[in-house]
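The numbering of the sequence shown is full-length UniProt numbering, which starts it at 1 and goes up by one.
The set of hints was computed from the structure by calculation and includes no laboratory data.
Note that the Cβ used here is the ideal one computed from N, Cα and C, for glycine as well.
Don't take every hint at face value.
[To be verified] Label-pair ranges, simulated between beta-carbon atoms:
(1) Arg356 - Glu80: 52 to 58 Å
(2) Thr116 - Thr74: 23 to 29 Å
(3) Glu31 - Ala306: 48 to 54 Å
(4) Asp129 - Ser60: 17 to 23 Å
(5) Lys28 - Val443: 55 to 61 Å
(6) Phe105 - Asp228: 32 to 38 Å
(7) Arg356 - Leu49: 54 to 60 Å
(8) Asp227 - Thr12: 28 to 34 Å
(9) Asp227 - Gly396: 45 to 51 Å
(10) Gly485 - Val41: 46 to 52 Å
[To be verified] Below are the DSS-like pairs computed for lysine-lysine, each with C-alpha atoms no more than 25 Å apart in a straight line:
(11) Lys349 - Lys403
(12) Lys82 - Lys28
(13) Lys216 - Lys342
(14) Lys2 - Lys28
(15) Lys362 - Lys351
(16) Lys82 - Lys214
(17) Lys46 - Lys181
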Amino acid sequence: GKRSLTEKGEVTAAAVCASCRVPARGHKTLELALAWDMPCVHFGSKEKLHLRRYTRFFGSGGDAAPALSHYALTHYEEWERKIEAWQNPILENSQLPSWYKSALFNELYFMTDGGTIWMEVPPDSSAEDLQGPAGAGLSHLLPVLREYGRFAYLEGQEYRMYNTYDVHFYASFALIMLWPKLQISLQYDIAVTVLNEDVQTRQYLMCGQTARVKTKNVVPHDIGDPDDEPWQRVNAYLIHNTANWKDLNLKFVLQVYRDYCLTHDSLYLRDMWPVCQAVMESELKFDTDNDGLIENSGFADQTYDAWVVQGPSAYCGGLWLAAVCMMCKMAEVLGDAEIQQKYMDILNKGKEAFERMLWNGKYYNYDSSGSETSNSIMSDQCAGQWFLGACGLDQGEFEVFPKSHVVSALRTIFEKNVLSFAGGTMGAVNGMKPNGVPDTSSVQSNEVWIGVVYALAATMIQEGLVEEGFRTAEGCYRTVWERLGMAFQTPEAYREKKVYRSLAYMRPLSIWSMQLALERRAGRAPAQLLQGPIHP
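Please model the entire structure based on the sequences and the hints provided.
Structural data, given as structure tokens:
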């Protein structure tokens, strides 16, 4: 009814009651819809007003709750049917363990509970407004963002940066398999940021150096802080100058080809191709000896941002070679023979250097520094192979890592990092010494990262180690969802003795790469392959 608004600090409540007559041995159904209409968003800086994407359907006046409720009541049965049609083939598959079905669908909680925002771009926005001074050439940026909006989610509820890209690399499988248009939109936002710079400087905490906030032609760490103005000011991360990180540029290239592989969106690929070339040119400076393999710089210059790495390394070197391989493949698809030859030459040199400097007969060493822990067994050493396998580039002319070496490395990880850690019941520890003792050289080397374990399990499944993959991932599910009681707040990390870090984290969405691996093994085209190109 018509009543005055509550005063500030005044408490009020409301109750809703519905009644019906239920005949003996009969039943009735009462339907209730509860809707919040909060169409307008200000971030911490309060510089810009943003509208949520649903306002294109329900308006931005803040009075749409009745319409939202009505829409829900008239559509929820259809929603339920569609949800069941999506989930039932997995839920009714007797070959899949129950814990996996729970983990696969329930880890998706973070897609909405991760501080998620889905915004409209202003209707009067021009391509120039969205691209910035250096972003020309992204011909489909404006139609993509106008149609699908801008999407962002936090790295975690405690690590409050939007679209943290080194972590999104893992989580992105959930987006590209289930909401591919949002992944494409997110990639366009990253591409714009790559091509622009922020010449302001600041001091970084770990090194004490002063450097630019954002360097041109490198991938940002994140697209901003919710307490500031995301998209407008990026790189809220203050610990390292991530322009010198070795993994961010590579993870952009790997996602571009993976996205194309699953969507066949050639317009997207053509738009992203110059951006891929720009970030790979930036990355080439890290190959200081011109042997086709990049070197880490003696600090924690990648997603393991407290784990020092020096010289050629299994993680970054593997991602590099996978990205070089995908540059070759993209050049082939786009008919760019000159670039294809350039990267084929780099790939041939780099493969030889990688095997010579890191392969020890059983697995790839953590790095080539010769330090006390350089021969640690890293659970994530096959990250490059993970993405190659997801795209079907793990055999034949595009085989980067010898299949026998990959399988040997995975078996070693299973034996040491999984079975020799906590009795094989807690997943894979990040770093394990060859003698079966966890690597304690850093705060992160003796942690288990759930999202990394799901990615490792997917890699095992890709390589035919299906039982080992499920056993590895099950340890994380049982630990988080049952023993630690952290359902719907999966942390980034835990240790053997019930120490955990960063509740409600993005990376565990990587479990959807396990589903992709299973679908590929079953010979089925992943679901998105059946839906045609992204753009109408």
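Task: Hints violated by the structure (listed by number, smallest first) - done: 10, 14, 16, 17
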